[in-house]
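Each chain is listed here by its residues.
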Amino acid sequence: MKKLIQKLKRPSLIARYSLIVLSALVMLPLLITLVGLVTMTSLSWLHPPASPSIYSNTTKLRLAWEAEAAAMGGESKEQAAVRLKAWIQKYPRSKVFRVDGEGSLHDAIPARKDFPAQWSAAYTVEYMKEAVNGVRYTVVSFVGDNRSEGFIVVEVPRYLTLPYSQRLDGVGSTVYAIGVMIMLTLYLFVSFLFFIRIRRRLVRLQAAMELPSESGLPLPVSLSGSDEIGRLEQSFNGMIRELEQSRRREEAEEALRRDLVMRLAHDLRTPLTVIRAHAFTLGREALSAQGKESLQLMTGKLDYTSELMENLFSYNLLVAGKYPYRPQRTDVTRLLRTQLAAWYPVLEQAEIELDSDLPEESIWWQADPQWLERVVDNLLQNVLRHAASGCYVAVRLLTENGGTLVVEDRGPGMDAESTFKGTGLGLAIVDLMLVEQDLCKQVRSGPDGTIITIWPDPERAKSNCQSTDELSTDF
Amino acid sequence: MKGRQGEATMNGKAKLLYIEDDPDIGSWLSRDLKERGYEVEWLPSGEGAEELAADADLAILDVMLPGLDGFTVGQKLKKRCPGLPILMLSARSAVEDKLQGLHFADDYVTKPFHPDELGARVEVLLRRFGKGEDQPVRLGHLEVRPRELTVTDAGSGEEIALTPKQLQILLFLLRNPGRILTKEQIYESVWGESFLEGDKTVMVHIRYLRERIERDPANPRLVETVRGIGYRVRPS
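Order-wise, the sequence lines are chains A and B. If you use the working numbering, the first sequence corresponds to residues 1 to 475, in order. If you use the working numbering, the second sequence corresponds to residues 476 to 711, in order.
FYI, nobody ran anything at the bench for these hints, they're computed from the structure. Treat the hints loosely; a few may be bogus.
The calculated lysine to aspartate or glutamate pairs, modelled on EDC-like cross-linking and capped at a C-alpha distance of 20 Å, are [stated by the list, open to error]:
hint : chain 1 : residue 1 : chain 2 : residue 2
1    : B       : Lys658    : A       : Asp357
2    : B       : Lys573    : A       : Glu360
3    : B       : Lys554    : B       : Glu522
4    : B       : Lys658    : A       : Asp431
5    : A       : Lys292    : B       : Asp544
6    : B       : Lys553    : B       : Glu592
7    : B       : Lys573    : A       : Glu307
8    : B       : Lys573    : A       : Glu285
9    : A       : Lys322    : A       : Glu436
10   : A       : Lys322    : B       : Glu571
11   : B       : Lys509    : B       : Asp544
12   : A       : Lys113    : A       : Glu126
13   : B       : Lys551    : B       : Asp496
14   : A       : Lys322    : A       : Asp145
15   : B       : Lys509    : A       : Glu285
16   : B       : Lys658    : A       : Glu361
17   : B       : Lys573    : A       : Asp357
18   : B       : Lys675    : A       : Asp357
19   : B       : Lys675    : A       : Glu351
20   : B       : Lys554    : B       : Asp544
21   : B       : Lys573    : B       : Glu592
22   : B       : Lys573    : A       : Asp267
23   : B       : Lys658    : A       : Glu360
24   : B       : Lys553    : B       : Glu522
25   : A       : Lys301    : B       : Glu571
26   : B       : Lys490    : B       : Glu592
27   : B       : Lys490    : B       : Glu526
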């Protein structure tokens with residue numbers, strides 16, 4: 001019962017709509033009937049049928065007029081005029097006039113501009129023909145007994161001569177039609193309000209969905225009712241809450257993951273540091289040739305392990321889209337010169353000749369300088385590790401195509417068997433970073449060396465940017 | 476090599492404040508730095524660092540420390556002693572970490588590091604901050620006294636007159652021994668302005684500098700040119 005009362009207090013949309021339809025089917029005819037009854041009753045009250053009109057009995061009216069005409073016989077013009085005025089006073093809604101024996105118009109009450117001053121026989125006949133079944137009930141009577149004194153005419157609006165019931169039919173129909181129209185308009189207005197309100201609430205919900213907050217998620221909406229839309233708003237708020245919680249969970253997991261990676265990196269690097277430190281101490285001791293060789297190998301492997309770890313963590317972050325990326329207008333010439341300055345002593349120590357060819361002018365790329373440095377580092381690291389036997393690396397920056405970077409070595413090529421084959425992580429990082437920065441890479445590798453070309457091409461789709469052509473010989 | 480860098484420039488021993496929680500690394504590096512001629516105060520956490528920083532010439536900080544982390548300790552030290560050079564030594568190698576560190580620190584070295592590289596960076600930082608530069612630096616036949624701003628020919632004992640810009644360039648190169656410096660880096664450090672594309676100023680000044688200091692300016696030996704990249708000096 002309580003539920004029913006609550007439902008009645010807060011009706012659902014379907015209940016409201018049903019009510020409107022029900023009112024259209026049941027209430028509307030009832031209301032229209034009611035309008036009819038009210039109209040008729042009101043009119044009957046205004047003009048009760050019990051008080052008949054003085055004009056409704058035409059016979060009596062005609063006889064009275066004929067009596068007036070008979071009495072007027074032999075009277076002077078003035079007397080005739082007095083008699084007609086007296087008639088008008090008795091029947092105020094009638095019109096009278098007199099035409100004398102010569103056809104002249106007299107005593108028209110009220111004055112008639114539509115009549116000629118002199119009536120011919122033809123006009124008289126025409127007038128009488130029009131009067132038959134015209135809008136006015138007309139009685140024409142000869143004055144006196146002989147036909148030489150002319151005639152008098154009385155006109156009464158025909159509807160005044162009808163019974164009340166007939167006379168009110170027209171008025172009643174109009175009032176009834178207006179009443180029906182008002183009822184229909186009211187019904188349409190109520191329906192319109194019903195849908196407008198639904199629309200307004202839906203639009204408000206839509207706007208809330210499309211307006212994300214600072215966190216990127218829409219804000220919850222205030223409930224506008226407990227009907228279907230209200231429940232939709234409730235579900236929407238619930239969904240937002242779920243998304244918000246999910247986002248927080250994701251952030252917490254991400255923070256946990258980063259923390260874990262950070263700690264893992266720390267925990268792995270710390271023992272490596274200790275090993276490196278002690279290897280350094282050992283290197284200062286007097287060692288046999290074999291001992292020195294073992295130590296050198298150990299140090300090389302240490303470098304490789306720490307580099308591998310660095311690449312592994314970077315690759316992990318890149319794949320997860322968590323590696324900080326801050327693209328900006330970058331002077332590649334300057335960046336390369338600085339990078340090569342840092343690499344020169346390392347390459348020099350490894351007896352690799354660095355042939356640098358950088359233009360005097362600046363070449364600008366839209367890229368993250370840190371990422372570009374990493375790309376150059378990984379490419380040169382690759383040369384150092386896998387192509388040192390060629391004792392040569394060339395780094396060129398050509399001005400064509402908005403700047404083209406070429407890194408060329410004379411190593412055994414990428415397909416060569418090598419004890420330092422590696423995981424390819426360094427180049428995978430290079431590829432990921434280049435794709436993200438809309439830079440294209442082409443690799444040509446053969447037994448005489450490898451040429452890697454990098455150039456910016458924002459027009460091309462990222463997926464088409466990478467291409468690897470394996471060349472077997474001659475370059 | 477051992478202790479060479481410290482002995483080359485130090486009159487008294489430079490005091491290093493070293494904060495590291497790992498006992499293996501801490502004890503080893505403390506010993507190594509002492510062997511390089513520095514006085515080292517090693518703390519296992521940031522506690523008490525501020526008091527010791529006042530007397531230190533340089534601070535080496537690990538990032539992951541018990542209690543306050545290295546970034547917080549470093550910021551506090553820099554705030555209290557703005558003239559104290561700080562070198563961050565961390566296993567955290569992410570760009571974000573480096574950027575956060577270099578926001579206040581003067582250098583950032585990641586673990587595992589090469590002890591010689593760390594030694595060189597400590598030396599460079601001490602020189603850059605004018606600590607322990609009271610001894611002359613030998614560059615070939617030259618003897619350069621950074622604090623007195625004088626360059627003399629060690630053989631003849633004659634002072635070589637350099638313009639302020641030439642001296643600044645030479646000192647900047649000497650502060651980065653063995654490192655190749657690009658013309659942009661030299662210009663921006665010496666002139667303190669942004670380098671403009673195609674500017675030949677550095678090249679011209681280095682030519683004049685060579686005319687003053689090189690025995691044979693046509694075949695320079697003191698200020699080397701690394702073709703297409705930059706210049707470097709290798710002090711003896």
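We went through each hint and held it up to the structure:
no. : hint                  : in the structure
1   : B/Lys658 <-> A/Asp357 : holds (15 Å)
2   : B/Lys573 <-> A/Glu360 : violated (31 Å)
3   : B/Lys554 <-> B/Glu522 : holds (16 Å)
4   : B/Lys658 <-> A/Asp431 : violated (31 Å)
5   : A/Lys292 <-> B/Asp544 : violated (39 Å)
6   : B/Lys553 <-> B/Glu592 : violated (23 Å)
7   : B/Lys573 <-> A/Glu307 : holds (17 Å)
8   : B/Lys573 <-> A/Glu285 : violated (34 Å)
9   : A/Lys322 <-> A/Glu436 : holds (12 Å)
10  : A/Lys322 <-> B/Glu571 : holds (11 Å)
11  : B/Lys509 <-> B/Asp544 : violated (25 Å)
12  : A/Lys113 <-> A/Glu126 : holds (17 Å)
13  : B/Lys551 <-> B/Asp496 : holds (18 Å)
14  : A/Lys322 <-> A/Asp145 : violated (126 Å)
15  : B/Lys509 <-> A/Glu285 : holds (18 Å)
16  : B/Lys658 <-> A/Glu361 : holds (13 Å)
17  : B/Lys573 <-> A/Asp357 : violated (30 Å)
18  : B/Lys675 <-> A/Asp357 : holds (17 Å)
19  : B/Lys675 <-> A/Glu351 : violated (31 Å)
20  : B/Lys554 <-> B/Asp544 : holds (16 Å)
21  : B/Lys573 <-> B/Glu592 : holds (17 Å)
22  : B/Lys573 <-> A/Asp267 : holds (18 Å)
23  : B/Lys658 <-> A/Glu360 : holds (11 Å)
24  : B/Lys553 <-> B/Glu522 : holds (15 Å)
25  : A/Lys301 <-> B/Glu571 : violated (27 Å)
26  : B/Lys490 <-> B/Glu592 : holds (19 Å)
27  : B/Lys490 <-> B/Glu526 : holds (14 Å)
When the structure is compared with the earlier hints, violations turn up for hints 2, 4, 5, 6, 8, 11, 14, 17, 19 and 25 and for no others.
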